[in-house]
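Chains as they are written, first to last, in my numbering: chain D, 1 to 309; chain L, 310 to 855.
To be clear, the hints were calculated from the coordinates, so they are not data collected in a lab.
Here the structure is a predicted model, which is why all the values come from computation and not from measurement.
Watch out, some of these pointers could steer you wrong.
[Claimed, not checked] Subject to a maximum C-alpha distance of 25 angstroms in a straight line, what follows is the list of computed SDA-like cross-link-like pairs (lysine to any residue):
no. : chain 1 : residue 1 : chain 2 : residue 2
1   : L       : 404       : L       : 421
2   : L       : 517       : D       : 32
3   : L       : 855       : D       : 33
4   : L       : 441       : D       : 161
5   : L       : 454       : D       : 49
6   : L       : 706       : D       : 161
7   : L       : 465       : D       : 158
8   : L       : 512       : D       : 92
9   : D       : 42        : L       : 442
10  : L       : 441       : D       : 302
11  : L       : 454       : D       : 50
12  : L       : 512       : D       : 158
13  : D       : 42        : L       : 769
14  : D       : 42        : L       : 588
15  : L       : 855       : D       : 54
16  : L       : 710       : D       : 32
17  : L       : 696       : L       : 665
18  : L       : 517       : D       : 145
19  : L       : 710       : D       : 161
20  : L       : 696       : L       : 670
21  : L       : 454       : L       : 432
22  : L       : 588       : D       : 159
23  : L       : 509       : D       : 159
24  : L       : 588       : D       : 168
25  : D       : 42        : L       : 855
26  : L       : 509       : D       : 33
In case you want the letters, here they are:
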Amino acid sequence: MATYILKRFLQLIPVFLGATLLVYFLVFSLPGDPIVALFGDKPVNEAVAAQLRAQYHLDQPFWIQYLLYLKGIFTFDLGQDFSGRPIAAVLGEVFPVTARLAVMALIFEAVFGIIFGLIAGLRKGKFFDATVLIASLIVIGIPIFVLGFLLQFTIGVQLGWAKPTVSSAATVQDLILPAIVLGLGSFAYVLRLTRTSVIENMNADYVRTATAKGLSRFRVVRVHILRNSLIPVITFLGADLGALMGGAIVTEGIFNVPGVGNRLYRAVTQGEGPTVVSIVTVLVLIYVVSNLLVDLLYAWLDPRIRYDA
Amino acid sequence: MRFSRTSKALGMMAIAALALTGCGGGGSNSGSSNAAGNSSKVILADGSEPQRPLMPADTNEVGGGKVIDMMFAGLVSYDPSGKSVNELAESIEGKDAQHYTIKIKKDQKFTNGEVITAKTFVDSWNFGAAAKNAQLSGAFFESIKGYDEASAEGSKVDTMSGLKVVDDQTFTVELKQPESDWPLRLGYSAFVPVPSAALKDPKGYGEKPVGNGPYKMADGGWQHNVQIQLVPNPDYNGPRKAKNAGVTFKIFQNDDAAYQDLLSNNLDVLQTIPTSALKNFKSDLGERTIEKPYAGNQTIAIPEYLPEWSGEAGKLRRQAISMAMNRDEITKVIFNGARKPAMDFTAPVLDGYSDSIPGSENLKFDAAKAKDLWAKADAIQKWDANKTFTIAYNADKGGHKAWVEAVVNQLKNNLGIKVEGKPYATFKEARNDATAKTLTGSIRAGWQADYPSLYNFLGPIYKTGAGSNDAEYANPAFDKAVSDGLKASSVSEGNTAMNKAQEILLQDLPAIPLWYQVSQGGWSDQVTNVDYAWNGVPLYYNITGK
Numbered sequence: 001m002a003t004y005i006l007k008r009f010l011q012l013i014p015v016f017l018g019a020t021l022l023v024y025f026l027v028f029s030l031p032g033d034p035i036v037a038l039f040g041d042k043p044v045n046e047a048v049a050a051q052l053r054a055q056y057h058l059d060q061p062f063w064i065q066y067l068l069y070l071k072g073i074f075t076f077d078l079g080q081d082f083s084g085r086p087i088a089a090v091l092g093e094v095f096p097v098t099a100r101l102a103v104m105a106l107i108f109e110a111v112f113g114i115i116f117g118l119i120a121g122l123r124k125g126k127f128f129d130a131t132v133l134i135a136s137l138i139v140i141g142i143p144i145f146v147l148g149f150l151l152q153f154t155i156g157v158q159l160g161w162a163k164p165t166v167s168s169a170a171t172v173q174d175l176i177l178p179a180i181v182l183g184l185g186s187f188a189y190v191l192r193l194t195r196t197s198v199i200e201n202m203n204a205d206y207v208r209t210a211t212a213k214g215l216s217r218f219r220v221v222r223v224h225i226l227r228n229s230l231i232p233v234i235t236f237l238g239a240d241l242g243a244l245m246g247g248a249i250v251t252e253g254i255f256n257v258p259g260v261g262n263r264l265y266r267a268v269t270q271g272e273g274p275t276v277v278s279i280v281t282v283l284v285l286i287y288v289v290s291n292l293l294v295d296l297l298y299a300w301l302d303p304r305i306r307y308d309a
Numbered sequence: 310m311r312f313s314r315t316s317k318a319l320g321m322m323a324i325a326a327l328a329l330t331g332c333g334g335g336g337s338n339s340g341s342s343n344a345a346g347n348s349s350k351v352i353l354a355d356g357s358e359p360q361r362p363l364m365p366a367d368t369n370e371v372g373g374g375k376v377i378d379m380m381f382a383g384l385v386s387y388d389p390s391g392k393s394v395n396e397l398a399e400s401i402e403g404k405d406a407q408h409y410t411i412k413i414k415k416d417q418k419f420t421n422g423e424v425i426t427a428k429t430f431v432d433s434w435n436f437g438a439a440a441k442n443a444q445l446s447g448a449f450f451e452s453i454k455g456y457d458e459a460s461a462e463g464s465k466v467d468t469m470s471g472l473k474v475v476d477d478q479t480f481t482v483e484l485k486q487p488e489s490d491w492p493l494r495l496g497y498s499a500f501v502p503v504p505s506a507a508l509k510d511p512k513g514y515g516e517k518p519v520g521n522g523p524y525k526m527a528d529g530g531w532q533h534n535v536q537i538q539l540v541p542n543p544d545y546n547g548p549r550k551a552k553n554a555g556v557t558f559k560i561f562q563n564d565d566a567a568y569q570d571l572l573s574n575n576l577d578v579l580q581t582i583p584t585s586a587l588k589n590f591k592s593d594l595g596e597r598t599i600e601k602p603y604a605g606n607q608t609i610a611i612p613e614y615l616p617e618w619s620g621e622a623g624k625l626r627r628q629a630i631s632m633a634m635n636r637d638e639i640t641k642v643i644f645n646g647a648r649k650p651a652m653d654f655t656a657p658v659l660d661g662y663s664d665s666i667p668g669s670e671n672l673k674f675d676a677a678k679a680k681d682l683w684a685k686a687d688a689i690q691k692w693d694a695n696k697t698f699t700i701a702y703n704a705d706k707g708g709h710k711a712w713v714e715a716v717v718n719q720l721k722n723n724l725g726i727k728v729e730g731k732p733y734a735t736f737k738e739a740r741n742d743a744t745a746k747t748l749t750g751s752i753r754a755g756w757q758a759d760y761p762s763l764y765n766f767l768g769p770i771y772k773t774g775a776g777s778n779d780a781e782y783a784n785p786a787f788d789k790a791v792s793d794g795l796k797a798s799s800v801s802e803g804n805t806a807m808n809k810a811q812e813i814l815l816q817d818l819p820a821i822p823l824w825y826q827v828s829q830g831g832w833s834d835q836v837t838n839v840d841y842a843w844n845g846v847p848l849y850y851n852i853t854g855k
């Protein structure tokens, strides 16, 4: 087991190098000079521009820029953004907010998706099942920004149950509505996944055996049906955490959440290479680690799976 | 000009629909005549994250500019109509428009207690101009003698020879050449004084700026990407005294979110109504809206370095293009009648503006004459029928697409040539081609005044070799007319001369004026006394609670 985990962590190194190189190259290839853009319509003062370019290594060829960035990482210096603040500090501000948002969305989709999916599966073909299926189809079919604006306008503006945008502290309470919007699409998938899986397992031999043994309905459902049905769902949720963090750009834009997505968008439009790369790299790492956790969870859920070196 | 991707386009941005008929004033129900209102309210307004540290000479976009303007007081400030009034200046005197003697008021202090003297000003300006400090707005000092030496790349000189301290209250300024409108510029944020701590550690200072204006930053007031909190400065006694308990700029990435906040009273003042809400904002907000022209315009610049647009043929073609578009119709259909067709190269809110400068008929729609002029140009130099005339614009912000397409269609129909809109994905890319002089066709351009003066719309853009002369326009007669205006002994004489210079521009049309900009904003039912300044920014200090 330990060897397995170690191996997986070693795999992070090429993933990290590849991701930073690729993203750095993409930002480097963006057309337009970000320093010229800082001047706007104003005349570009070459002396000032040259100094700023040198400060951000923009006067260097691609490889040098990239290697300087890597060197910075190993000396714990991610560089500075255009307003002269350390990127590490920027990351420290935005990631907690988005992490809170993503985890809330994940909890929302997991709890409600699994409960609704379980009930729908157990009552296959009944009214509840049909309603939930249709509703989930609608949710999957509507793009997230439409849902976002719709909920923001009805719940936030018209009903006034929540603020339409997040307050400066971005508290858990503020983030409820954005988290629901963010998690809504995945909620529908979790629900459908759970339902299908539950229906399959209900007909499994071990469920019949368990029922025949005289176990209570509750115990049969909880231990024998639900636990076995969760394996595909957990895979999905694990992969989804990374997707939620990176995919929060739209939701964060709608609700003005001061998180990763907002900052990333601004960094891309301004051509702030190091900021973009740093944010994306952390996102990639989160994605990889959450996938590792999912793989480890398998072993716990299904003892037949063993990770031997 | 103060720009931002959002508001660089400010005017350009509100592009889809305004409903102003006639351009005299705002639809504001507030104004200064209203009751005093509740002064204990903290005003929540929209802002954007400053791009650079908050150093006055390093701030050239609206997000930071709004904050700087409220935290600092310079020699003069502009009243709501754009007239300059003394703040720290006791007097600014210049007999020949080239040598000025500036006296400042006594006992003026920064909020950290540091006294402001003549030396403070001289040091601040030298800091802004010196190349080694890499301040984005350094070029504002370019008229001062010695700027070229101080701002040259790698320069060891970090003071301008034209600035001399006489005593604690007096300093003198020598310009490179006479410029009668130079005192008007002194209200721009690059000219404010900064405390000595700022010059020692600009970066640290830029995080927690200390100023002398109507507001000061609250402790830990700048929460990056979230908000900037300003509280009144009790020691300020100039003309912009705060009438509320503070202003908090909530930082928005997108105007739509800000508008939703406004609707639910989560935001008190929204400077610019987002394009998506322009159709509804009046029914949504009722009387709580404003539409007011500000000192900005929209043009299409046609680079003269392109062979088919140079010389006499190019001039005739530009006139043809100008007459082939129906500005009235576009402003009516695309902007719901809320843009005013341009009659000159400046803006109507400015002192000295005239809508009847000889040559302004070149900005009137006349399809027959346009065709005629085009044919005349063809007789000199044939236009390749396969060639496409392009109008470039940035597609990221500002909503330019709609009007560009309208112009394209009109030119196609009225001139019978191939015309296309050419979108750039980002503002950055568009600026890159414009400054590198690698444009292949025309490009939309807009100008928002830095300070209220006709010259600001002419000199920096159309003078030979001027910094923002993207079209590479060069006409010695125009240059002379402008410098004559600058030598004038009074502002009104100067204005007459500037309008004379515009007569030349109206014939040459290095850029084709389209329309004047209008700011459209709204406020919540928690506040009152909202009005906008000459530059399209709300007068935040004047806003009170209900």
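*Hint by hint, which ones does this structure get wrong, listed from lowest number up?*
Per hint list: 1, 2, 3, 4, 6, 7, 10, 12, 14, 15, 17, 18, 19, 20, 23, 24, 25, 26 violated.
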